[in-house]
Amino acid sequence: SQTIHQWPATLVQPVGSPLSLECTVEGTSNPNLYWYRQAAGRGLQLLFYSVGIGQISSEVPQNLSASRPQDRQFILSSKKLLLSDSGFYLCAWRKSGYYNEQFFGPGTRLTVL
Amino acid sequence: QKEVEQNSGPLSVPEGAIASLNCTYSDRGSQSFFWYRQYSGKSPELIMSIYSNGDKEDGRFTAQLNKASQYVSLLIRDSQPSDSATYLCAVYNNNDMRFGAGTRLTVKP
Chain F
28 SQTIHQWPAT
38 LVQPVGSPLS
48 LECTVEGTSN
58 PNLYWYRQAA
68 GRGLQLLFYS
78 VGIGQISSEV
88 PQNLSASRPQ
98 DRQFILSSKK
108 LLLSDSGFYL
118 CAWRKSGYYN
128 EQFFGPGTRL
138 TVL
Chain H
30 QKEVEQNSGP
40 LSVPEGAIAS
50 LNCTYSDRGS
60 QSFFWYRQYS
70 GKSPELIMSI
80 YSNGDKEDGR
90 FTAQLNKASQ
100 YVSLLIRDSQ
110 PSDSATYLCA
120 VYNNNDMRFG
130 AGTRLTVKP
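In the order they appear, the protein sequences are chains F and H. Heads up: take any position in the first sequence, counting from 1, add 27, and you land on my numbering. Heads up: take any position in the second sequence, counting from 1, add 29, and you land on my numbering.
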């Protein structure tokens, strides 16, 4: 069966510091991978998605970036965090084929102070 | 702008009642429709998928889809306190998944 991991689970960072969040998927190959952010009391905002190694599509302009160095690894980064980057960051993977179901990892709660 | 709209709630129902959650979407080309349950502080969990008009039942959950009206609903029968959560509607088209802001459901014992 497929499993998706994210770490760290929680993170408190000062404004202006760098960020690296990691997501890995087990039990599948060549998944589509997604990074979402959920601000407090808000819906899910798609940040990046990837259909393969080195292939990244950005949905919103911001100070975040994403990379996919390996088939089942997806990394979200920032060089300098802003207060507005606080939120719940979720990685998801999608089944290929007709059904298009997405499954989420446990998430990383980021607080920027 | 492709929108997915849900009533934010909170929706409160007594234990054992039917909870009815509604969702409308703007993209007529949407192909797949999903309901996620999100407990406070946790990540969303997929509970129902529906792809064609009509009803789909899974245990106490029934998803209903009407593409002509661009409307998706989720019925929860025999609601339990453990069903208390935020329910997210999601709509997929061509590698673009859009989520509603969610409806908060409270089931009172």
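Simulated from the structure, these hints should not be mistaken for lab results. All values derive from a computational prediction rather than experimental measurement. Check the hints yourself; a few may be wrong.
[Stated by the list, open to error] No more than 20 Å apart at the CA atoms, straight line, and that leaves these computed lysine to aspartate or glutamate pairs for DMTMM-like:
{"id": "1", "chain 1": "F", "residue 1": "Lys122", "chain 2": "H", "residue 2": "Glu74"}
{"id": "2", "chain 1": "H", "residue 1": "Lys71", "chain 2": "F", "residue 2": "Glu128"}
{"id": "3", "chain 1": "H", "residue 1": "Lys71", "chain 2": "F", "residue 2": "Asp112"}
{"id": "4", "chain 1": "H", "residue 1": "Lys85", "chain 2": "H", "residue 2": "Asp112"}
{"id": "5", "chain 1": "H", "residue 1": "Lys31", "chain 2": "F", "residue 2": "Glu128"}
Quick one: which hint numbers does this structure break? Sort them smallest to largest. Hint check: nothing fails, all pass.
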